[in-house]
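Enquirer: Chain by chain, the residues run as shown.
There are 2 protein chains.
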Amino acid sequence: MKKTALAVGASLLLATTAWAMKPNNEPIQPIEPAVITDPQKVELGKMLFFEPRLSKSGFISCNSCHNLSTGGSDNLPTSIGHNWQEGPINAPTVLNSSMNLAQFWDGRAADLKEQAAGPIANPIEMAFSHTLAVEVLQSIPQYRELFKAVYGTDEITIDHVTDAIAAFEETLVTPNSRFDQWLRGDENALTKTELEGYQLFKSIGCVACHYGPAVGGASFQKMGLVEPYQTTNPSQGVAGLTGKDADRFLFKVPTLRNVELTYPYFHDGAYWRLEDAVDVMARLQLGRKLSDEEIGKIVAFLKTLTGEQPQITLPILPPSTNDTPRPQPFG
Amino acid sequence: MKKTALAVGASLLLATTAWAMKPNNEPIQPIEPAVITDPQKVELGKMLFFEPRLSKSGFISCNSCHNLSTGGSDNLPTSIGHNWQEGPINAPTVLNSSMNLAQFWDGRAADLKEQAAGPIANPIEMAFSHTLAVEVLQSIPQYRELFKAVYGTDEITIDHVTDAIAAFEETLVTPNSRFDQWLRGDENALTKTELEGYQLFKSIGCVACHYGPAVGGASFQKMGLVEPYQTTNPSQGVAGLTGKDADRFLFKVPTLRNVELTYPYFHDGAYWRLEDAVDVMARLQLGRKLSDEEIGKIVAFLKTLTGEQPQITLPILPPSTNDTPRPQPFG
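Here the protein sequences come in this chain order: U and E. The first sequence lines up with residues 635 to 965 when you count with our numbering. The second sequence lines up with residues 635 to 965 when you count with our numbering.
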C-alpha cells in the first residue's frame, strides 16, 4: 500500500515535466526491441502464459484475456472469467506492460510478477489457488525439469511461476511502429495528416499524461479532470485501495501503443470507437471540444503507434500425469 | 444422412480386412508430413481457427476446445461453450482429423469443412450464426483482401470460411513419432516393452478397429461390443442420427495418435488414466481382462504414437472496424 501511494504521488509530479526533458525534444520515445538474457526462463514463462491448467477449469490461461493474437487484450468491455463471470474492469493489454510504473488500473501490483499472481487466485478470473497451481505443475515431470533448469531447485513455488511469466511478458514489446520510424528520423514514415495529428496531440496537452516510450503507463491521473466521467462501472480507482476521497477515479494512464488493437477503451471498456475515445478525453481531461477533423487527425496519428506484434510460436504443453489434480470446469 | 449410413456400413466391412492387406504387413502406417499446396489459404484458415470473433461472445475460437498447445483437444471430459454451457460430448482432437472417414463422434459431418460450420452456429458452443460470422469478417478490410486473394471474390461466404479452416486443419498432422520411426525401419526407436505392447495390441485384436495411419478414425464401431458401456452421458452415437436401434452406441473409432495428450478418454471423457482406458476397451470390446503388466506394455506402446506437434506461429488478427458487429459476451 505504502509503495503504491508513493508511486502515485511521484508520478503525478513527474507527469508534467518528464517529457520536456528528453534529449530529442519529443515527449514520446521509440520502443526498444526486447533483450532476452535468459531464453530458458522466457520459454518457460511462455508455456505458463498459455497454460490453462493454472485455472480451476483447465480452460482459462493468461492468453485468454491477454490474447496475443489481438493486441494482448480480449477486445471485450470487461473479461469473461471462471463460470462465465463478468470481470469488474477492462483487461489492459499485456503488450509493453513492462513499461508501466505499476500494474492493474489502480496500480495495486508493483510489477508484472506481482500482477501475474492475481488472476490465478481470483475467484472470478481463473478461480484457482497458488497451492493448486503449483501442485499441478509439480506433478508434471517436464515442468519439474524446466523449473529445475531455470531456478535450480526441485521444488516449484508460485514465486517461480510468476517470475517466469513476468520474464516472458517483458519480451512482449512492439517496436518499429511507423511512429517510431519517424522518431528515428524517417521523415516519410508518417503522412501529413498523421503528423498534424501528432502536433495536435502535443499542442492540446494529451502528452501531459501520454508520454514516454509507452505513450502512457507512467503516471496515475484522475479520469474526469475537467468534467466528470459518467459510467455505470463501480470501480473507484486508487481510492479502492487507499479509501481516500482524493484518489477517487485515479487510474493508471493506459499506454496508447497499439491502441488501434485494444478497443474497447477506458477502464470500463465503454467506448469502441477510437474517435469517441479521443473526443471524450479531450472534453473531460482537457476541457476542449475537438472538431471531427481534429479528431480524425489525432486518430490517424494514434494508428501509427501500432508496432510489430510479438511473433509467438505456440508452446506445446506437456501432458498431465495420473498424479495431476484434475480440472473442475463445472464443479 | 444417406452418405453417413453408407459410410458406416462400408467401414464396418472394412474394419476386419483392411489392415491385413497393407504391403508392409503392419496394420498401422506412418503419418506423412503435410503437403501445403495453397499456403495463403492455410494461413487464412489458421487466422480463422484462432478467431474469437467467430463466436457470439468474441471469446471462443476453434482453438479454445481444439487447443494446439494440448494435443488439439481441451483435456476436459466435455467442453465449455458460450455462457459456460457444458457440451454433450468429449471434444475430439483436431490433430490428424483429416484422416477420419467422417467428422464428429457420430460422423454426422462428411468432412472437415462441413464440421467447421457446426460449432460456430451451435448455441451451446460458439453460439453465433453463419450470417453474423461472415458479417464480422466482411467488415474488416484485411479479411476482405485475404479472402479475395484466396477465393477471387469480394463477397465472403461461410463456404469460404469453412473451406479455409479445413485447409488449415489438413496441415495439422503429427508425423515422425517414435512408432513411425520404427515402422520406417529404425529398430532402436522402440524399447522392448513398447514393442511387446505393440505385439499385444495386435494379437488381442485392438487393431481390428485401431488401424491405418491414424490408428483409428477409419470405421464406426459399437462402444460396448461384448459388455455394455456404463455411462451417464446421454449420447446415442449414430442412432441419434438414424433413429435405428442397431446404431445405438455406434461411434467413430477415435484416433490413437497422440493419445497420451488427448485425455480424458471415450465419448464421455469419463476415463483420465490411459491404463483404465485400455482396461475398459479390452474388457468391453474384446472380452478380455488384461493383467496390469499387459496394460502397462500397451500403454508404453501407445505413448510411442505421440508425433511431432504442429509448429504454429500465433496469427496476428486484424482489428475490428467501426462497422464490425460487436461481441455480446453477456447479452
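Everything labelled a hint here was simulated from the structure, so no lab data went into it. These numbers were taken from a predicted model, which means no experiment stands behind them. Don't take each hint at face value.
[To be verified] In the SDA-like style, the derived pairs of lysine to any residue whose C-alpha atoms are separated by at most 20 Å in a straight line are:
#1 U:K937 <-> E:I774
#2 E:K937 <-> U:L829
#3 U:K937 <-> E:I950
[To be verified] On the chain U side, residues computed to face chain E include the following (Cβ under 8 Å):
#4 S691
#5 F693
#6 L710
#7 I714
#8 L834
#9 S837
#10 P862
#11 R907
#12 L948
#13 P953
Heads up, the beta-carbon is just placed ideally off N, CA and C, and yes, glycines get one too.
Enquirer: Determine for every hint whether it applies to the structure shown.
Expert: Verification of the hints:
no.	hint	verdict
1	U:K937 <-> E:I774	holds (16 Å)
2	E:K937 <-> U:L829	violated (59 Å)
3	U:K937 <-> E:I950	holds (16 Å)
4	S691	holds (7 Å)
5	F693	holds (5 Å)
6	L710	holds (5 Å)
7	I714	holds (5 Å)
8	L834	violated (21 Å)
9	S837	violated (26 Å)
10	P862	violated (26 Å)
11	R907	holds (5 Å)
12	L948	holds (4 Å)
13	P953	holds (5 Å)
Violated hints, in rising order: 2, 8, 9, 10; the structure is consistent with all others.
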